[in-house]
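Chemist: These protein sequences, in sequence, are chains V and Y.
Okay, so the first sequence: first residue is 1 according to this note's numbering, each after it adds one.
Okay, so the second sequence: first residue is 1 according to this note's numbering, each after it adds one.
Bear in mind the hints are in silico, worked out from the structure with no lab data behind them.
Don't take every hint at face value.
[Claimed, not checked] Looking from chain Y toward chain V, a few residues come up when the C-beta cut is under 7 Å (computed):
1. LEU64
2. SER68
3. PHE69
4. ALA127
5. GLY134
6. GLU136
7. LEU139
[Claimed, not checked] Computed list of chain Y residues with no C-beta within reach of chain V, every gap over 10 Å:
8. ALA31
9. ALA35
10. PHE54
11. PHE59
12. ILE70
13. GLY107
14. ALA121
15. CYS132
Note that beta-carbon positions come from the ideal geometry of N, C-alpha and C, so glycine has one too.
So you can see what is in the structure, the chains are spelled out below.
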Amino acid sequence: MKSLLPIVIVLTLATAYGLWYQRSRGTVKAKAGQSFITESMIGGALGSKATLVQFSSAFCTPCRATRVLLENIVADMPDVAHVEVDAEAQLELVRQLNIVSTPTTLILDSQGLEVGRAVGAPKREQVNNALAAIRK
Amino acid sequence: MTQILNEKKSAVTIDARGPRFSAVLTTLVLATALATANLWVISAQAIVFAIGAFRGPQFTPYALIFRSFIKPRLKSAAIPEDIRPPQFAQSVGLLFALAAIAGSITGISALFVVAVSCALAAAFLNAAFNFCLGCEVYLLLLRVR
């Protein structure tokens, strides 16, 4: 044994980051969008009341679960659209919207303004709450 | 209403618990490498990373152990997962392992310690917190390119 100090440091820092990671991922945070996101920007139709824009990438494990969840949420909401965007193919948009990891889900109101954002696989009830606030 | 755009579908999926189990073994091996500063331990892990990166994460010795001994004992149903995220993580792991080997051979022990520490942090985060390395770093790499 040379030294256990590096292991202790690495595991301590990684645990601190991991706890933050677990807590922050999937949480819907309120946003006050500054500019309108249009159908041509995301390449899909906006919902009449709200739109869930999901940014995905190839090396992303929770993107699949996120797609299934959001498809499921919008299935019985005809006024809400789910649009999945391949972040890799839309780097300009990714920079513009400051997307840093996948999956990132933006919640847009009827005008295309971002009102909420979740990084990581979103929590179902939080998405539902955000949508309920927009659709009422 | 769901629209999927520009999506590159990958048909190959594996049981998501396999890579998670592999991450546990990787954590133990990398911790051993870091504690002993042993060139052979990190070299063995580099070979495992190389198999995962080039052939696929389902072909590593760790995946074999999972399929042979762990999976038959698990009661819950398999969760399908795209192989590309763990394959990406294995590639990143291989780069760190090669840097560590270079540090060990050239006698630059700081390079060895830093490189193994980075790989250990990622493997531990994956094992303990289901951390997705590709989610966090791939887009950033593309953005700065």
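Chemist: Would you mind marking each hint as holding or not holding in the structure?
Modeler: Each hint tested on the structure:
1. LEU64: violated (21 Å)
2. SER68: This hint is violated: SER68(Y) lies away from chain V, its Cβ roughly 24 Å from the closest one there, beyond 7 Å.
3. PHE69: violated (24 Å)
4. ALA127: violated (10 Å)
5. GLY134: GLY134(Y) check passes; min Cβ-Cβ to chain V is 3 Å, inside 7 Å.
6. GLU136: Nearest chain V Cβ about 5 Å off; hint holds.
7. LEU139: With Cβ-Cβ at 6 Å, under 7 Å, it holds.
8. ALA31: violated (5 Å)
9. ALA35: violated (6 Å)
10. PHE54: The claim holds: PHE54(Y) sits with its nearest Cβ about 16 Å from chain V, beyond 10 Å.
11. PHE59: holds (18 Å)
12. ILE70: Holds, because the least Cβ-Cβ distance between ILE70(Y) and chain V comes to about 19 Å, which exceeds 10 Å.
13. GLY107: At roughly 14 Å from the nearest Cβ of chain V, GLY107(Y) sits farther out than 10 Å, so the non-interface label holds.
14. ALA121: Label violated. Min Cβ-Cβ 4 Å, cutoff 10 Å.
15. CYS132: Since the minimum Cβ distance to chain V is about 5 Å, CYS132(Y) lies within 10 Å and the statement is violated.
Violated hints, listed in ascending order, are 1, 2, 3, 4, 8, 9, 14, 15; each of the other numbered hints is respected by the structure.
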